[in-house]
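The listed protein sequences correspond, in order, to chains A and B.
Under the UniProt record's numbering, the first residue of the first sequence carries the number 1, and numbering increases by one thereafter.
Under the UniProt record's numbering, the first residue of the second sequence carries the number 1, and numbering increases by one thereafter.
Derived from the structure by calculation, the hints contain no laboratory data.
It is possible that part of the hints are untrue.
[To be verified] Straight-line Cα separation of at most 25 Å, DMTMM-like style, residue types lysine to aspartate or glutamate; simulated pairs:
#	chain 1	residue 1	chain 2	residue 2
1	A	K142	B	E312
2	B	K65	B	D55
3	B	K403	A	D49
4	A	K142	B	E247
5	B	K352	B	D373
6	A	K153	B	E239
7	B	K261	B	D357
8	B	K33	B	D370
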Amino acid sequence: MNKVEKANQQKRKKKRFRLIYRTAILVVLFGAMLFAIVSNVLSEDEAVDVGEQAPDFQLTQLNGENVENLRLSDLKGKGVMLNFWATYCEPCKREMPYMESLYPQYKEKGVEIVAVSVDMTEIVINKFVNQYDLTFPILHDKSSEVMDAYGIKPLPTTYFIDENGVIVERVLGELTLENLEGYLEQIVPS
Amino acid sequence: MGAYTCRACGFENKEGTSICNKCGNPLDVENKKLLNMRYDGRAIRSKTRNQSIVDKIWNFFSSIKVGVTLIAIALVASAIGTIFPQEIYIPNTVSASEHYRDQYGIFGQIYYQLGFHQLYSSWWYMLLIALIGISIFIVSLDRGIPLYKALKHQNPKKHAAFLKRQKLYGEYNNYEQNDVDQLLSHLRKKRYRITEKDGHYLAEKGRFSRWGPYVNHLGLIIFLLGTLLRFVPFMYIDEFVWVREGETEVIPGTDQQYYVKNEKFIIETYGEKEEDAKFDEVISSQEAPIPKNFQTNAVVFQDISENLPGMEPELKEVKSGEIIVNEPMKFDGLALYQDSYQLNEFQSMSFKLHEKDDANEKAMVEFTVDLTDPKSEYTFDNGFRIELDSYYPDFVLEDGMPKSRTNYPRNPGFVFFVYPPNSEEPEVSFLAIGQNIDPNNQNNYKIGLTGFDVRNVSGLKVKRDYTLPVIGIGAFIFMIGVVQGMYWQHRRIWIHPEESKLLIACHTNKNWFGMKNEWEKVSSNTKFKFLQDQEDKE
């Protein structure tokens with residue numbers, strides 16, 4: 001009797017051990033599989049994404065008076081709309097007037113609009129800025145370093161950053177007037 | 001007594017056992033066929049009762065049928081992926097959906113819709129490969145461990161029924177212990193290891209070849225893990241950068257740590273030198289020159305400042321030299337490969353201003369526009385002032401409006417405002433390649449192109465692959481496993497004395513011809529010549 005009990009106990013022990021080690025192996029294997037598939041889906045786009053801290057940078061500002069350089073961290077405490085664009089990019093041209101029309105209203109609410117141009121030459125940017133009467137800061141990423149730091153692929157790409165410097169929204173492609181207003185509303189400092 | 005209790009010795013075997021783990025008596029007593037020696041008759045681990053959900057998942061992957069099915073599906077899918085070219089190989093000037101439809105018709109469209117155009121990076125293909133990996137792992141554990149245990153704790157004394165149901169079997173009536181000893185010494189010479197219990201012998205060699213498949217699977221799993229590591233950014237970089245002659249660019253994928261400068265781009269084509277005369281026939285039959293060599297003379301810098309992106313970096317030279325096709329420049333685990341080039345991109349253009357009616361076009365002023373950073377105004381001592389009102393690096397007319405297609409000066413267009421001395425009223429001139437337009441047709445002065453400078457653009461691939469050693473080790477272990485399992489065999493000979501006769505049985509996991517041959521050699525000059533091949537008998 002005692003022998004049978006002992007054997008049964010041994011059996012139960014074995015079973016528990018088996019359950020633990022099988023679970024552990026399955027968890028590890030499925031974890032690796034999930035990692036592979038998720039990274040593969042995300043690898044298309046290595047850009048800085050929602051929820052991350054927006055990488056700081058400093059660039060030359062082309063418009064505005066008495067300003068030379070603008071540093072992103074200088075705008076801490078404000079919501080920041082960070083727009084990457086170029087003069088040769090058609091959708092960028094279309095959304096610029098929307099940004100300009102909403103700028104005064106949201107500047108008062110504590111939101112700054114910053115547009116980073118990845119054009120090669122200053123002259124084309126200046127021409128564009130004058131043509132569209134843009135009043136928000138226009139920065140020139142001449143060496144494409146900031147573009148590289150953010151991992152920008154398509155133009156335009158727009159980040160909406162809250163007052164703590166955390167990215168709330170990222171938009172790949174063109175904005176419309178309506179959704180632009182919605183996004184700006186999200187980053188008004190509380 | 002359960003179905004897995006041995007009738008000969010009473011040992012309680014695990015469910016799924018076919019040969020008693022203790023005495024070797026076949027558990028299917030009624031059957032007289034040859035024994036199935038797979039896994040030495042041990043229970044495969046997945047064959048257990050009282051299944052929890054974990055056990056059920058485990059058992060699913062433990063099935064060879066499932067594994068083979070997965071491999072078959074992956075094979076078929078991989079094959080289909082080669083019917084039409086993958087998306088990365090089609091021209092990138094047209095959209096993929098149109099390309100497949102136009103080039104390959106309805107089948108191309110289906111192909112595209114089902115995602116076969118980017119099969120090898122699709123999530124479901126990866127899922128398939130991952131499931132195969134899991135299956136291989138679990139199958140190996142479930143079969144490898146019982147087999148290892150079975151072979152480690154072999155009982156030399158097997159039940160007579162075990163021997164009688166082996167493929168090679170013989171019975172001998174008149175023999176002496178001497179004859180057995182002679183046979184054993186022959187076996188030792190052939191490097192058999194001999195174990196004994198109660199006068200029963202087991203001679204065995206080449207057991208390690210049984211681990212071949214498992215070593216092989218281990219290598220395969222390391223290989224798959226190596227490919228997984230590609231997704232770790234530190235381990236794997238595959239980027240691309242265009243660098244213009246004289247320019248310094250940040251190297252992508254390095255967090256703005258490294259920069260590369262293109263000092264000079266050199267291209268040589270066949271036919272330039274006399275030694276190429278032997279190729280004249282081929283060269284003249286080609287429409288474009290054939291490149292012989294192209295290379296970038298480059299300098300790599302490191303930014304040693306802590307500056308933010310966008311601020312002037314503090315560059316320290318790391319390495320300089322030539323980047324030639326297949327001869328990359330290597331530094332800090334990174335390699336820069338010469339990949340492609342664009343020749344003769346405009347760098348600057350020179351103009352002169354002359355009176356429109358002057359037949360000799362005598363220059364009144366001359367100036368040069370640097371296309372990488374054009375000035376917006378050019379003033380001259382003689383009172384002329386020229387404003388560059390608009391600049392289009394890659395000029396194109398769209399709906400009557402001038403615009404630039406790209407960032408690069410491939411087809412520059414200019415709108416100049418010419419202010420003659422003491423005049424505030426400009427004359428407008430538009431210039432582009434092959435175009436010189438006076439929009440109002442009232443200009444007194446004309447701007448003419450006098451010359452231009454071009455430079456080449458070098459395309460460099462940025463590569464880092466720390467996963468290669470892992471993949472290499474995986475592949476090496478894989479090959480060891482293949483060799484181990486292929487070139488050796490696990491051979492066993494059981495010698496079983498009974499009261500008046502001696503039973504001998506042989507088993508090998510493969511190459512029965514070799515086994516028979518070996519038996520003939522070890523049994524020469526002994527009494528035990530003849531072994532019956534019981535498969536032939538059947």
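**Asked** Which hint numbers doesn't this structure obey?
**Response** Hints 3, 7 and 8 not satisfied by this model.
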